[in-house]
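Each chain is listed here by its residues.
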Amino acid sequence: MGRLSQAIVAPLKRSEQVIERVLFHHRLLVISLFALVTLLLVWQASQIRPDASFIKMIPSSHPYVENYLDYRDDLSGLGNSVRVSVATTGEDIFSTDFQDVLRRVTDELFFIPGVDRSAMQSIWTPNVRWTEVTEEGFVGGPVIPPDYDGTQASLESLRLNVLRSGQVGRLVANDFRSAIIEVPLFDHNPETGERLDYNQLSQQLEELVRDQYQSDSVSIHITGFAKIVGDLIDGARQVALFFAIALVITTLLLYLYSRSIAGTLIPIACSLIAVIWQLGLLNALGYGIDPYSMLVPFLVFAIAVSHGVQIVNTIRLESLQDPDPWLAARRAFRVLYIPGLTALVSDGIGFFTLMVIDIQVIQELAVAASMGVAVIILTNLILLPVLMSYAGVGQKAINHARKQSQQEGVIWQRLSWFATPAGAGVSISAAVLALLYGLYAAQGLQIGDLDSGAPELRADSRYNLDNAFITDNYSTSSDVFVVMAVTPPEQCTTYETLAGVERFQHYAQGIEGVQSSVSLADVSKRVTAGLNEGNPKWRAVSRNQFVINASLAYVPGGLMNTDCSLLPVIIFLDDHKAATLDRLSSSIEQFAANYDSDALRFKLAAGNSGFEAATNQVIARAQYEMLAWVYGVVSLLCLITFRSIRTVVCIITPLALTSVLCQALMAHLGIGVKVATLPVIALGVGIGVDYGIYIYSRLSSYLAEGLALREAYLETLKTTGKPVAFTGLTLAIGVILWVFSPIKFQADMGILLTFMFLWNMLGALLLLPALACVLKPHPGQRDPGLHKSVNRGES
Amino acid sequence: MSEQQLLLILDKDAASEVALVRAAELAQRQQLPLTLLWQSEADKAGLWTQQLQALKSSDIRLTELCLADGQSLQKRVIAFTDQHPDTLLIKASEKDHKGLLPPLDWKLLRNATCPVLLVKQHSQWQGGPILVAIEPLAQAPERQALNRSLLQMSQQLGQLFNATVHPVIAWDTPMLGDEPEQLSDEAQLQRHQNATAALLSDTGVEADSILIGEGPAEHWIASAAADHKAVLLLIGTKARRGIAGALLGNTSEQLLDRVDCDLLVLPGALGETA
Amino acid sequence: MAFLNDDRKQILKPLNKNKKSFMQILKNYRTWLCALLLLSPVAHGQVPDRLEAPALQTPAAKQSLLLSITSAGQRLVAVGDQGVILLSDDAGLTWQQAEVPVSTLLTAVYFADEQNGWAAGHDGVVLRTQDAGNHWQLLLQGEQINQLRIAHYEEQLESLQQDPEADPFELEELEFALEDAEFAAEDGPVNPLLNVWFQDTQTGFILGAYGLLMKTADGGHNWQFLTDTLPNPDRYHLNHLIEHQGALFIAGEAGLLLRSDDGGESWYELASPYMGSLFALVEHQDELLLLGLRGNLFRSMDLGDSWQAVMTGSRASLLSGRSAEGRLLLVGLGGTLLSGPGSQNLQLLDGGQRRALSGVVMADDHWVLVSEQGPMRLPLEGVN
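Protein chains in written order, with the numbering used here: chain A, 17 to 811; chain B, 222 to 495; chain C, 5 to 388.
Worth flagging that the hints you see were computed from the coordinates, not collected in a lab. Idealized CB from N, CA, C, for every residue including glycine. It is possible that part of the hints are untrue.
[Said to hold, decoys possible] Example chain C residues on the side facing chain A (calculated, C-beta under 8 Å, incomplete): (1) Q50; (2) L69; (3) S107; (4) T111; (5) S281; (6) E376.
Please work from the sequences and hints to get the whole structure.
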């Protein structure tokens with residue numbers, strides 16, 4: 017081990033010597049370079065735009081999504097759509113004024129870029145029809161009578177048509193007081209070819225539709241993925257406000273802690289520069305801000321502050337020896353080089369491993385986070401000491417530090433008890449209990465959404481109120497799971513196909529959570545009955561192909577593709593809970609496994625619930641894969657740096673405990689594991705590993721000097737433990753205020769991050785020494801009574 | 222073995238006077254030939270001809286050389302040292318750094334193949350103390366050879382000027398995360414102490430107190446020199462040139478800027494000297 | 005009159021030839037596939053044909069399209085889509101699904117007594133139960149009906165051919181009929197049965213599309229082909245058969261109304277009050293009610309010789325009805341409910357839904373109906 021560790025440490029040390037010399041002999045040059053790059057990246061960062069896309073949220077190589085993408089062109093309207101409900105306060109929708117508004121809103125929506133016009137559905141679009149059986153035969157027509165002129169007679173005619181169209185509960189509310197316009201969207205703007213700008217779309221919906229047509233008598237309700245994203249992007253300003261509040265609090269507390277203006281402003285400035293660089297680099301590489309990765313800049317800030325405080329603190333300690341700022345900064349740089357670099361590199365690589373998850377949003381988050389951490393290496397490990405070498409911490413801070421080092425610090429004395437065998441026992445037992453509780457509670461952790469509506473927004477947000485309105489007044493749910501029945505070309509209307517699909521639907525409708533389903537088979541059956549005077553006894557798939565063909569003379573859009581090789585079966589669900597989707601997908605896969613043939617194959621899945629099922633499956637697996645990778649990388653890097661497995665255990669165990677308890681907290685709060693919340697725990701590992709590495713490095717140095725564990729730990733607390741405690745508490749205080757955010761997603765993250773900051777801190781301060789005590793009995797201590805000071809000088 | 226030479230670089234600046242005095246003293250005590258190298262014709266006709274006269278009238282073998290216009294000082298120096306390998310280059314140190322390029326003194330230090338004495342002060346070397354900066358824990362044979370050369374030369378000069386010799390050693394601040402043996406202050410000091418003692422006994426040099434302190438080197442050595450009011454500091458140099466020189470620099474150059482006493486720099490390429 | 009009525013058959017006939025090869029190809033294709041698939045690792049099987057697959061036991065059964073409901077003693081039995089047969093022993097509060105060997109749409113069910121019942125439906129399926137509906141056996145299906153039809157004409161042709169005084173016209177007609185039957189047989193079990201009725205546990209009738217009528221005297225094992233004994237040259241669909249005051253009545257498509265006074269051996273046409281489809285006959289005390297397309301309702305007091313129209317105030321087709329305990333309930337498309345003590349004072353009820361209601365029985369002071377979304381229960385006073 018000795019030879020191996022030499023081989024690892026030596027290059028690190030050589031690199032440090034080189035870098036140190038270059039930095040501290042060319043400070044102005046370094047600062048100018050940084051200034052230049054910062055200016056450039058500020059300009060880049062100012063151009064960063066929200067960048068959301070439906071496809072990015074779903075796992076692109078999951079078989080369900082691959083199937084969807086294969087048939088995407090044939091499945092218009094089943095991917096991504098917005099529902100606009102126009103409601104009246106009057107008696108019902110059959111009034112001249114209301115119909116006028118409805119028509120104009122339909123037109124307005126028609127012209128919004130990105131809307132799939134041919135697939136739009138509203139009683140005012142020509143593809144929505146009514147049918148009826150008379151003695152003469154089958155009659156039908158568009159729901160809006162061709163001679164509609166707003167008169168009472170026309171309205172009566174309209175009312176009748178609506179009743180005969182079967183759209184009550186679908187496009188017209190059950191209570192007849194509102195109507196829906198289904199607006200399917202393309203993933204890109206067909207005119208410009210660029211990705212659909214959800215922010216712009218949402219704004220257009222607001223300006224062109226809601227603002228223009230909402231009035232005392234008419235209310236507009238809008239739901240759909242695009243609207244959620246739009247609202248989140250709108251809420252970004254709120255999110256930024258809360259970041260700013262956290263920033264201010266951190267700055268104030270940092271000043272109170274360090275009593276040094278330079279020692280407060282410079283680390284905060286460097287941390288902000290790190291954030292700017294990160295955003296600038298993201299933009300330069302062509303990425304945008306996704307509403308679900310809005311937290312990454314704050315995380316970068318938090319990690320940067322954590323390191324910054326450590327460095328400033330060390331500078332302060334070195335200043336006690338020698339007040340020259342240049343000297344103190346240079347020494348502090350050297351002292352913290354290895355732990356700082358290790359922590360940041362392991363954070364960076366650890367975050368990067370999130371790339372294994374097959375969801376683009378998370379992959380982009382991995383890039384953003386690891387880039388942010390890489391940037392911190394430059395801004396907080398390099399720029400910060402250089403800047404501090406000019407400014408110094410100030411006399412006030414030095415005096416404060418001197419006074420504090422002379423006091424014994426009762427709190428630290430008490431805490432150092434955890435480094436004794438008795439204390440270690442208590443700490444470890446408490447940790448084990450917490451672990452058991454956490455494991456037990458974490459079983460309640462759900463994948464996917466637990467509530468209806470958009471969990472990212474508050475229950476009383478406009479979106480969720482709109483969603484509740486639509487759910488209450490209409491019969492078709494917004495949770496749609498589409499199974500693609502695939503046949504050879506021109507075979508989708510054979511008896512075998514339709515009968516097979518019919519049986520499949522019957523099977524699917526028996527699965528718990530399924531509300532209803534619709535497919536071409538239903539059309540054929542109903543029209544066949546229609547061709548027989550509406551007699552329900554004829555509502556079956558005929559074995560006679562000519563009868564089938566006659567029944568499918570007019571097929572509503574979306575139930576068949578042009579070369580007759582695809583029949584979408586649209587399944588409406590009661591909810592989109594993970595258990596429901598899971599049950600549904602495995603039941604359908606079972607059916608497919610039993611009954612698929614070359615003539616008829618059932619492929620999953622499209623529709624928002626289909627994608628969610630795929631996403632849930634990927635997340636369920638990814639959850640543990642992700643943690644395995646992050647922990648693996650971080651442990652490996654710690655092992656390389658510290659060259660001892662027991663050390664790695666001491667550092668990693670408190671983090672693991674935090675991860676388990678965080679899962680338990682999520683289960684307790686009813687926060688499901690989704691694309692947005694999946695990376696949280698991995699990010700928490702990155703935040704916490706810094707504490708462990710710094711504390712352990714310092715502890716080792718005191719142990720090497722010959723102090724007994726308790727004394728060594730006491731000194732560690734006084735030097736490194738303080739900034740750890742400070743950072744943990746400060747960031748937690750800054751973040752806890754997020755619970756007041758109108759964006760529920762931010763509020764949830766606030767709680768989780770607060771928990772992780774605090775618990776990581778506690779774990780590093782209380783559990784790490786306990787583990788060190790238990791795992792590393794110390795051979796041959798020198799004078800245990802000797803209380804060594806940190807003075808270095810001549811011998 | 223070729224004869225020892227003293228080569229003194231002069232220009233018309235009054236600051237050069239200290240170098241002249243020092244060179245004269247050395248030439249006197251060791252009966253060495255002294256060559257004056259004027260940087261330009263104009264310098265030759267200097268103001269302080271008094272000293273020069275005194276020198277000329279002494280029994281020191283004097284040669285006067287002059288740089289031709291456009292001729293590079295370094296090249297001339299190198300030509301000289303090629304001819305006379307056992308030379309000591311003497312110059313008064315220049316204070317100012319012009320622009321981004323390394324100052325003349327630094328260039329000389331980087332390119333010299335012989336020891337260079339940069340004179341900063343009038344005060345006598347007589348009585349000392351003389352400080353010699355060594356790296357006792359260095360492993361590479363060139364460094365160890367350099368250490369020995371430094372010690373030997375310092376002993377010679379100490380005997381010559383009846384000065385006390387103090388080895389001065391800077392040890393680097395321990396890095397957290399390093400090997401445990403590196404982290405203990407006590408162990409570090411002990412190690413350095415023992416290595417220095419071994420080196421001293423190895424070279425047969427007798428030293429007065431050993432000054433060991435925490436680096437960076439340029440800080441500790443300079444502060445030790447100031448504290449002890451050293452008259453002369455001996456140090457070796459790696460003579461990094463070009464990009465390495467621009468980025469990393471050399472400790473001897475840093476010390477040149479920081480210390481008030483004279484600086485005698487031994488190039489790293491130098492092997493054992495007599 | 006139904007769409008594609010006359011013309012339909014004209015169109016289908018000459019194309020039968022092509023149709024035959026198409027179907028045959030499909031059939032061959034299917035056998036081919038089965039063989040291939042047994043070897044193919046990719047797909048394991050295929051969705052079984054609804055005649056060969058037992059009805060799926062599923063919770064969805066209770067929300068399926070149901071078309072007929074009847075009482076078997078205290079038990080209620082309802083049948084419908086995908087071979088669903090539901091049984092209820094608590095007057096429609098809870099239902100269980102019976103085990104059924106086929107998955108076709110069942111259109112009618114009738115019990116002669118508490119234990120013995122028959123169900124009929126699409127693909128010519130006839131099922132029988134002897135244990136109050138817990139288990140059902142398949143007695144007959146479309147292919148067999150086709151064969152029976154062929155056998156019937158072959159037999160007749162034979163006997164006529166042997167008769168020296170046979171009318172050559174009749175002979176030719178029989179030959180055409182036989183050819184028709186053979187062509188039709190190649191289509192497979194295409195035609196649905198629309199109703200079933202049993203006199204007792206042995207004697208009963210099934211009727212269906214294209215004027216099909218068959219009679220059994222042994223509970224359903226053997227059947228007599230009676231289609232051509234009916235005065236139904238256009239082969240209109242036969243929708244419903246009931247017994248009223250000793251006579252049998254059949255209502256059918258395009259106003260077809262038939263009566264038999266000899267237990268179904270021979271039938272004669274009655275003057276029909278309506279040219280559109282007649283879906284059901286309901287006996288209410290002394291009256292015979294006729295339910296038809298577009299809300300048409302007629303009553304007769306004289307065994308169908310004459311009919312009076314009843315104003316219902318509804319234009320939705322009436323599909324079925326029940327008379328019990330002095331009350332009458334008629335049901336139909338669009339959630340239509342007509343209720344009253346008699347046909348003269350029927351009131352249109354607002355049931356609050358627009359489902360197609362296909363059948364009704366009375367049980368335990370409630371009307372139990374079957375709709376396109378499963379069974380429903382209404383208190384006797386109806387819903388406002």
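Does the structure break any of the earlier hints, and which numbers would those be? Per hint list: zero violations.
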